[in-house]
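**Student:** Chain by chain, the residues:
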Amino acid sequence: MCNAGIVPADRDPGVQAPGPRPWLGFGLGLRTEHFNDLLETNPAVDWLEINSENFMVAGGKPRRYLEAFRQRYPIVMHGVSMNIGGSDPLDFDYLRALRQLASDVQPAWVSDHLCWTGANGINSHDLLPLPYSDEAVAHVVDRVQQVQDFLGRELVLENLSSYVRFSTSTMTEWEFLREIATRSGCRLLLDINNVVVSARNHGYDSDDFLAGLPAPHIWQIHLAGHSDYGTHVIDTHDHAVPDAVWSLYESAIRRFGPISTMIERDDHIPPLPELIAELDQARRHFAAATAQPADAPQAASPSQDTVAA
Amino acid sequence: MSALAQLQSDFLRCISGAGTPVASQLDGSQGIAPGLGLQIYTHAYAARLREALKSDHAALAWYLGDERWLRTCNDYIALYPSQHRSLRNFGNHLPTFLRRHSSHQANPRVAELAAFERALLDSFDAADAPRAEWQALLALPEECWPTLCPSFQPSLRRQSTRTNAVQVWMAAKSGQPLPRNRRPVGVHRAHWAIWRDADLITHFRSLSEAEAAALDHFRAGGDFAACCELLLQWLPADEVPAQALGFLGQWCSDGWVVSWTTA
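Chains as they are written, first to last, in my numbering: chain A, 1 to 309; chain P, 1001 to 1263.
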């Protein structure tokens, strides 16, 4: 396996190296458009990722449906409002609601984004990039540890698509991710599409990105599509997974081994069978990557509940 | 303020249109040009908020038409930047905003339509609660009736309108032409209850003046004896107890009542 020497000298002595990586198989982001089809047709979906905020409501249909899905599928909670990189104080009302939802749902894990979403009490409802600086690393690590202590579980953080880079950055995005993961003990949600988008926009090699990640911390993969405007690419999550993302996905699986994978479609939601077919495509790419002979790193079999990274 | 906090404050002000320049803090040495990157975030900021408003206020957007809707959204976004963790709540202040907005003050139907849509939204994901049995009320000893007070489903909402805003909403939903309105404000005065049933379907229906008054009375914690006093405004004394009981029976049948409490 690559990236064996992931533990930096300045790892917090209280931070444990990740244990075996859980394996959930191939999942989908749960969208309201598919609620009834999923319940009626029981398609070949191994697990579901929910948007946490959509279910942080008092009652009604959202919670009723969630209970039905929870009884049928392993659930992963994925949030957009933690503002883990923000400078406003952590919102403990939000975290209490998140902890309660996690207690109700018993998810396999809880994720959000390595970003900031607002400042001075104003929420942009966007996932905004951080400068890749020592100041930001220290800031985020401290907040991740507070959140992990509060939730009583490790947080999983996703890499972003981004369209600006800050002049105060002193390291690459993957070095930034590595520092935060290894110093806080958090896990990573590797969005392959976001890597492709940011690599195009900022002119770096996506393989360098993968090579720089701390492999044992990678807990989950997102696959999605984007919009290509020639001069730049925008992460719209409204297209089928393109070839560039499939290709990088295979590279990631060859490099890191089996990682729970899902299709994330946020707009122009197609009929469920179309996403199921795309999920089958993910399985085929996964099989191709894990069957790589010769000099490629060998991935472990995903037939068990957990997989050593 | 730390350098990071200052950067985030400046960046958010920039993309939300407050005009703070941040291009000098961006690295343009390779890849996407800083100006283009900022444009992407600036466009996304407003577009996302407008989309949330349109999703929750489709009838209002239809009623105002594209141009007025866009202006209204942009004014609202500027005056009420989101302080909510979920976009679901971003439009919470929209009815208040519209009541005060110079372009809409002369047409109260606009604010009432927004308030009606928010009531439907709030009812949709309000907390669940059990439904009271009518037999439990009938089993109460006679001496308990004067202090009787029903408690109601969290999904139950009340709205009173001075305009035909609800008819506008129905036209928008059904794709019918906009209802003509040549009568002055106040002629359409109506009272509405909005609630979610046991199958999680959201409903609304109109209420008479007397029923609305009785419901508001109980929702404010009033008891059965005082409700009967209140209903004397509309009914002869000998008809009041039966009508009050009739309201309770209808509300119980509609699934609005959670429990019957007495002092």
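Honestly, the hints are just simulated from the structure, not real lab data. Treat the numbers as computed from the prediction; the structure is a model and nothing was measured. All C-beta atoms in this analysis are idealised placements derived from N, C-alpha and C, irrespective of residue type, glycine included. Among the hints, a few may not be true.
Which bits of chain P does chain A cover? Going by a derived footprint, with three or more residues having C-beta under 8 Å, they are [stated by the list, open to error]:
(1) 1012-1019
(2) 1113-1120
No more than 27 Å apart at the CA atoms, straight line, and that leaves these computed lysine-lysine pairs for DSSO-like [said to hold, decoys possible]:
(3) Lys1173(P) to Lys1054(P)
(4) Lys61(A) to Lys1173(P)
(5) Lys1054(P) to Lys61(A)
Here are the in silico distance ranges between beta carbons for each label pair [what the hints assert, rightly or not]:
(6) Ala1136(P) to Thr41(A): 55 to 63 Å
(7) Ala277(A) to Gly1035(P): 53 to 61 Å
(8) Gly230(A) to Ala1023(P): 18 to 26 Å
(9) Leu151(A) to Leu1232(P): 52 to 60 Å
(10) Ser1055(P) to Thr41(A): 21 to 29 Å
(11) Arg153(A) to Pro1146(P): 34 to 42 Å
(12) Ser1253(P) to Thr41(A): 31 to 39 Å
(13) Gln100(A) to Ala1023(P): 40 to 48 Å
(14) Gln1006(P) to Asp208(A): 39 to 47 Å
**Student:** Taking the hints in turn, state whether each one holds.
**Tutor:** Here's how the hints hold up against the structure:
Residues of the stretch 1012-1019 of chain P lying with their CB closer than 8 Å to a CB of chain A number 3, which satisfies the three-residue condition for coverage. Restraint check on the stretch 1113-1120 of chain P versus chain A: 0 residues with Cβ-Cβ distances below 8 Å, three needed, restraint violated. Among the hinted pairs, Lys1173(P) with Lys1054(P) is consistent with the structure: their alpha-carbon atoms are about 14 Å apart, no more than 27 Å. A C-alpha spacing of about 20 Å is found between Lys61(A) and Lys1173(P), which places the hinted pair at or below 27 Å, so the restraint holds.
Our distance criterion of 27 Å between C-alpha atoms is met by Lys1054(P) and Lys61(A), whose separation comes to about 21 Å. As the Cβ distance of Ala1136(P) to Thr41(A) is approximately 41 Å, the hint placing it in 55 to 63 Å is violated. Taken as a hint, the range 53 to 61 Å is violated for the pair Ala277(A) and Gly1035(P), whose Cβ atoms sit roughly 40 Å apart. The hinted window of 18 to 26 Å between Gly230(A) and Ala1023(P) holds, with their beta carbons roughly 22 Å apart.
In this structure the hint that Leu151(A) and Leu1232(P) lie 52 to 60 Å apart at CB holds, the actual value being about 57 Å. The hinted window of 21 to 29 Å between Ser1055(P) and Thr41(A) holds, with their beta carbons roughly 27 Å apart. A C-beta distance of roughly 53 Å is found between Arg153(A) and Pro1146(P), which places it outside the suggested range of 34 to 42 Å. About 36 Å separates the C-beta atoms of Ser1253(P) and Thr41(A), a value consistent with the hinted range of 31 to 39 Å.
In this structure the hint that Gln100(A) and Ala1023(P) lie 40 to 48 Å apart at CB holds, the actual value being about 42 Å. In this structure the hint that Gln1006(P) and Asp208(A) lie 39 to 47 Å apart at CB is violated, the actual value being about 31 Å.
Checked against the numbered hints listed earlier, the structure breaks hints 2, 6, 7, 11, 14; every other hint is satisfied.
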